[in-house]
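Participant: Add chain B to chain A, keeping to what the hints say.
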Amino acid sequence: MSHLIHIELDRLEGSLLRILGLVERRGFNIDAAELYDLGEDKRGLSLTVRPRDPSRNTEILGLQIDRLYGIRRLAGDPRADSNTPAAESRISA
Amino acid sequence: MSNQPTGAQLVISTLKALGVETVFGYPGGAIMPIYDALAGSGLKHILVRHEQGAAFAADAYARATGKTGVCMATSGPGATNLITGIANAYMDSVPMVCITGQVATHLMGTDGFQEVDILGLTLPIVKHSWLVRDATDIPAILAEAFAIAAEGRPGPVLVDIPKDVASSFVAVSGAASFPEWTAPAPDANAIKAADKLIEQAKHPLFYIGGGVEMAGASAELRALVARTGIPAVSTLKGLGTLPTTDDLFLGMLGMHGTRAANIAVQDADLLIVLGARFDDRATGKLNAFAPNAKIIHADIDPAEINKLRHADVAIPGNLKTTIERLNPKVIFAGSGGIQKWVEKCKADKWEHRFRYNAPGKGIYAPGLLKSLSEKAGDKFIAACDVGQHQMWVAQHCEFAHNRSHLTSGGSGAMGYGLPAGVGAKLARPDAHVVTISGDGSFMMNIQEMATLNRYNIPLKIVLLDNSSLGLVRQWQELFYQENYSEIDLSDNPDFVEVARAFGLSAFRITHRHEVDGALDKLLAAEGPTLLHVLIDPRENVWPLVPPGASNAEMMEERWDEPLDSY
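Taken in order, these protein sequences are the chains called A and B. Residue numbers for the first sequence follow numbering that gives the first Met the number 0, so the first one is 0 and each next one is one higher. Residue numbers for the second sequence follow numbering that gives the first Met the number 0, so the first one is 0 and each next one is one higher.
Just so you know, not all the hints are guaranteed correct.
In silico lysine to any residue, SDA-like type, Cα no more than 25 angstroms apart, as pairs [to be verified]:
id, chain 1, residue 1, chain 2, residue 2
1, B, Lys284, A, Asp52
2, B, Lys339, B, Arg258
3, B, Lys374, B, Ile508
4, B, Lys345, B, Thr244
5, B, Lys293, A, Pro53
6, A, Lys41, B, Ala142
7, B, Lys284, A, Gly26
8, B, Lys293, A, Glu58
9, B, Lys339, B, Thr244
10, A, Lys41, B, Gly119
11, B, Lys15, B, Val171
12, B, Lys195, B, Lys343
13, A, Lys41, B, Leu120
14, B, Lys328, B, Gln265
15, B, Lys284, A, Ser54
16, A, Lys41, B, Phe177
17, A, Lys41, B, Pro123
18, A, Lys41, B, Thr104
19, A, Lys41, B, Arg132
20, B, Lys284, A, Asn56
21, A, Lys41, B, Pro178
22, B, Lys284, A, Pro50
The set of hints was computed from the structure by calculation and includes no laboratory data. In this text, all values refer to a predicted model and were calculated from it rather than measured experimentally.
Isolated chain A, as found in the complex (with noise of 0.2 angstroms):
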């Protein structure tokens, strides 16, 4: 099963990289990647993935997603609405 994660992102040297890596890392599969701007050194990114074996825990990949510093996890795509707060522990199956 696919799931979508939207991520806000601080335009901060290697934020893209260190998310993407800690997605691959945890045992997901990228299957789409889209980045967009959301202004005032913010960047959107909206990622499709798929765990690569039944044991991989997507709610814990949003934790360890939550840990990271500059990165956001969001409870909504932001383009949709621009005051989409950041998750606090969902994400969007």
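Facilitator: For chain B alone, kept in the frame of chain A given last:
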């Protein structure tokens, strides 16, 4: 010359303002401006002989003190030599700030001399990292780097500074500060739910990880164990959090854990997991681990909870507060009490206690290590290398305090022990710091004996020499049909002569009757001293859970001689 400071001077002044006392490092081309500013600055710098030694020494300095360790290296090979140490700190959640020089900005991306993308190379093994583009950002970045390294679940942070940025003059002075981070408090309802589960359990057991020590919650844990009377096991990194001599402490769990600890885990109906992460070396076959146990899992890192084992009660947040607030009314005696369970755990501990009456007259390493820790006493700090000796230390040494067992746990990095001893002894000059190494591991950072000599650091070294890669040999014997492949190290140099050539005192023992006197001599020695101990290459680490097996399936070898004391 400008009156304004350079970026490099800002690095040094900010480190001092942040309270850094000791930096471990090695200079080179791209970091020369920072070393230029370091000279005469009053900041203590320990010149190691390999950058990996700087990272390991900074790591151990941090583990021994709870402060953030600092290491520095130049670009290219200097930076890549730090990588094993950075990974080691990441795996074991050690707060460390690593400063690397980088080639000048205009050369970056041109394959310049000693250019390497250290930011990219270390992305998976740091909490965060920066490439500094503007020297005016240096104070703020360093302040944030130290904050991030230490907050929450600690870890390493990298700051890469191009040479031109370090050399540029900037209209900034003084140090920046970064807001102090407060660990989120545990949820009160989760604490209540945990108390209830503990009160209902018939076979409860504490499973203590390194997170308790890092949370500064050792005293709170000791109080919790005492007031509940519930037995405890620990991970490799959790050793010393409870005194290993505590009546309720059953030992380390897992692959080389004690039989009593693994039996208790398998029989438990509730595991109270505090600051641990269900590492595979601790759990063995995961789906056979603690098959009857409900789980209470408390950790500062919410991403560790439910990662590998479902938690019936999850308590993310401040672990110290969690442990303080857990207050179950545990019934001890009677049909609903845990008395029988506790007595069974203690009986198993006694029945499966380690024996030290090994046959023969050769030196029995477990017995030597037990004696070493007893003789060193309350101020014993072990800086372990990786291999059989590391497991023997975990099994047989006594640790009265936290921050006294420094070991490369998650990473298992051979070569850690000697530079870790350097860092630990500088951090804790009052303690009996002993590096315990094997002949394989020792050779990986043997050059750091020069650091001991240069600064006259009175580290003691116990080198257990079996002329082989012992743990690999053991696995080849047991699981690869005795097909011994590339484990013979019988062409090792004469370690006593090598140590003396580096300026250390050194002596050798080969027979069991020499052990007692040798340990006394070692601990009484004034300067850096190496004790070279020849042991039987055929000696194995027991017990052992075979790879892929349940912790219930421990292999063990025992002998039948009377239980004389060692």
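Participant: Hint compliance check: list the failing hint numbers for this structure, sorted ascending.
Facilitator: When the structure is compared with the hints, none of them turns out to be violated.
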